[in-house]
Amino acid sequence: MNLTEKQEEIIQEFEVFDDWMEKYEYIIDLGKDLPKIDEDHKTEDRLIEGCQSRVWLDSHFDNGKMHFTADSDAIITKGIIGLLIRVLDQESPESIAKADLFFIGRIGLQEHLSPTRANGLLGMVKRLKLEAIKHISAAS
Amino acid sequence: MSELEKKSFNVREIREEFPALRQQIYGKNLIYFDNGATSQKPQMVLNAINLFYSKENANIHRGVHYMSQKATTEYEAARQRIQHYIGARKSEEIIFTKGTTDSINLVAFSFGQLLSSGDEILISAMEHHSNIVPWQMLCERQGCILKVAPINQRGELIMEEFERLLSPKTKLVSITHISNTLGTVNPVKEIIQKAHAVGAKVLIDGAQSIQHMHINVKELDCDFYVFSSHKVFGPTGIGVLYGKEDLLDRMPPYQGGGDMISRVTFERTTYNELPFKFEAGTPHIAGGICLGKAFEFLESIDMEAAERHERELANYAEGMLDTFEGLQIIGEAKNKTSVVSFSVKGIHPFDIGTLLDKQGIAVRTGHHCTQPLMDFYGIPGTVRASFAFYNTKEEIDTFVQAVERSLSMLR
Chain A
26 MNLTEKQEEI
36 IQEFEVFDDW
46 MEKYEYIIDL
56 GKDLPKIDED
66 HKTEDRLIEG
76 CQSRVWLDSH
86 FDNGKMHFTA
96 DSDAIITKGI
106 IGLLIRVLDQ
116 ESPESIAKAD
126 LFFIGRIGLQ
136 EHLSPTRANG
146 LLGMVKRLKL
156 EAIKHISAAS
Chain B
277 MSELEKKSFN
287 VREIREEFPA
297 LRQQIYGKNL
307 IYFDNGATSQ
317 KPQMVLNAIN
327 LFYSKENANI
337 HRGVHYMSQK
347 ATTEYEAARQ
357 RIQHYIGARK
367 SEEIIFTKGT
377 TDSINLVAFS
387 FGQLLSSGDE
397 ILISAMEHHS
407 NIVPWQMLCE
417 RQGCILKVAP
427 INQRGELIME
437 EFERLLSPKT
447 KLVSITHISN
457 TLGTVNPVKE
467 IIQKAHAVGA
477 KVLIDGAQSI
487 QHMHINVKEL
497 DCDFYVFSSH
507 KVFGPTGIGV
517 LYGKEDLLDR
527 MPPYQGGGDM
537 ISRVTFERTT
547 YNELPFKFEA
557 GTPHIAGGIC
567 LGKAFEFLES
577 IDMEAAERHE
587 RELANYAEGM
597 LDTFEGLQII
607 GEAKNKTSVV
617 SFSVKGIHPF
627 DIGTLLDKQG
637 IAVRTGHHCT
647 QPLMDFYGIP
657 GTVRASFAFY
667 NTKEEIDTFV
677 QAVERSLSML
687 R
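As they're listed, the protein sequences go chains A and B. Residues are numbered in this note's numbering as their position in the first sequence, beginning at 1, plus a constant of 25. Residues are numbered in this note's numbering as their position in the second sequence, beginning at 1, plus a constant of 276.
Hint data in this document are derived by calculation from the structure and do not stem from the laboratory. Nothing here was measured: the structure is a model prediction, and the numbers come from that model. Treat the hints with caution; some may be incorrect.
[As the list claims (entries may be wrong)] A few chain B residues that don't get close to chain A, going by computed Cβ distances all over 10 Å: (1) G303; (2) L327; (3) D395; (4) L422; (5) K445; (6) T446; (7) V540; (8) F542; (9) L550; (10) F626; (11) L631; (12) Q635; (13) T641; (14) E670.
[Claimed, not checked] Calculated pairs, SDA-like style, for lysine to any residue (alpha carbon to alpha carbon, straight line, at most 20 Å): (15) B:K304 with A:E47; (16) A:K57 with B:P463; (17) B:K634 with A:M46.
For glycine and all other residues, C-beta sits at the position ideal for the given N, C-alpha and C.
Assemble the whole structure, with the sequences as input and the hints as a guide.
Listed below in structure tokens is the structure:
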């Protein structure tokens, strides 16, 4: 599945929810299931400070693909990280760098990626893209 | 005098005046519990904003034409209305600013010019960043020293410690009347008396008090009292600095520009009289006039009954929230009002706030611009519900149920 197909799949999954609370119940479950980053990996250089919740991002490059894990102190933020990982993990740096994360808006979660939300998610996506760009320029 | 008669306190009737309260958010009736951040506006303020820009818009002071004179008269009438409401001796003692933060910065700069190296400023551990940072900046500029009076676990100022920190070196005590995070009502009258006894001046940060209780600056005998319009049912972008006339007279201007001058030559400029000395440039004319309207509205409210009602709301909410497992009320002062702040073990306030939002309830989460206070309690932030006199017990019932539902989802 490519990056667009993965996003379409998530949008379809969210279509079954009738109201906001059901949607968030699902996001919270995703957050609870997200593999945790090792405590000793939660270092300053992996931290993306939001005004309210914080995000740790751990990424590496292997076999032409980017891999990442992330964590947050807020469970809803973690749930959305779970969705972002599903879309972006194991993708090439090129597709991550130019990825349009349209699914966030389509499932009604755009507020979580707005600059005013201050939960570290926007910073996480920016940093991930930056990492991807670094790999592209290192390879060329 | 007010066009509205002071009526017996009736929440239903008061709510009718606030159109913003009659709307649905995510398909739910809005419950607005973020009044500590900003209050909603009554219809008469909204009408006044519309009227000013539709028919009365003109620049004020020195205009010879009809509209300018009318706008000037209304702007100055608003100043007088505020003067009478807070019991200031003269309208010259009411300086229009951008808000509480601007008022404090004005004092920190202008009163600060009268201070010398080694002079002390005393604040409390429960202050908002806007009553911390301007003093730190002053200390850097002038070599003054910032002292912080500690609080106890209940969130009350420790009076013995406060008194111990007071000395002839203390030139200014700057303290909040009511804590925005904890709801603690500080014993400001006692604080002012004790500060004056050592010759210190006192600034009361009234950002969280004037909308909740009767304020009389003459009775309090404070030297400065500051507040924001938008928290007291008026427009954003304007606020007030009350200062005693002799003190304001001694302070140099804060900003230079039009309106604040008496005569300008390239060699020398002389400054205007109070209050204009501190009001450089075209002010927020519509804001001032409409803040006057907000005070006209307040004059119609029985503030003693409103205060009782808000305390009842806070007690009622706390009584129910306190029964939730792992939930800790932050701020348990004996004298507190209108704010319920809490944290829940193992659950981030951001998650609770997000789920309450989706249930139509507006609260604030985070550190509330009081990071040192969060450090004191060892928490990243709280969920804060802050009430106004238009809130109801029924809203609190819905809120408590929504908190319960949110917690069960997050555990």
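Against the structure, the hints:
1. G303: G303 of chain B is in fact no farther than 10 Å from some Cβ atom of chain A, at 8 Å.
2. L327: Given that every Cβ of chain A is farther than 10 Å from that of L327 of chain B, nearest at about 32 Å, it holds.
3. D395: holds, 34 Å
4. L422: holds, 24 Å
5. K445: holds, 36 Å
6. T446: Fine: 34 Å to the nearest Cβ keeps T446 of chain B off the interface.
7. V540: holds, 42 Å
8. F542: F542 of chain B clear of chain A: closest Cβ-Cβ about 45 Å, beyond 10 Å.
9. L550: holds, 39 Å
10. F626: Incorrect as stated: the minimum Cβ-Cβ distance to chain A is 4 Å, not above 10 Å.
11. L631: L631 of chain B not clear of chain A: closest Cβ-Cβ about 6 Å, inside 10 Å.
12. Q635: About 7 Å separates Q635 of chain B from the closest Cβ of chain A, which leaves it inside 10 Å; violated.
13. T641: violated, 6 Å
14. E670: holds, 21 Å
15. B:K304 with A:E47: The hint holds at about 15 Å.
16. A:K57 with B:P463: The hint is violated at about 46 Å.
17. B:K634 with A:M46: Satisfied, since the Cα-Cα distance of roughly 7 Å is no more than 20 Å.
When held up to the earlier numbered hints, the structure conflicts with 1, 10, 11, 12, 13 and 16 and fits the remainder.
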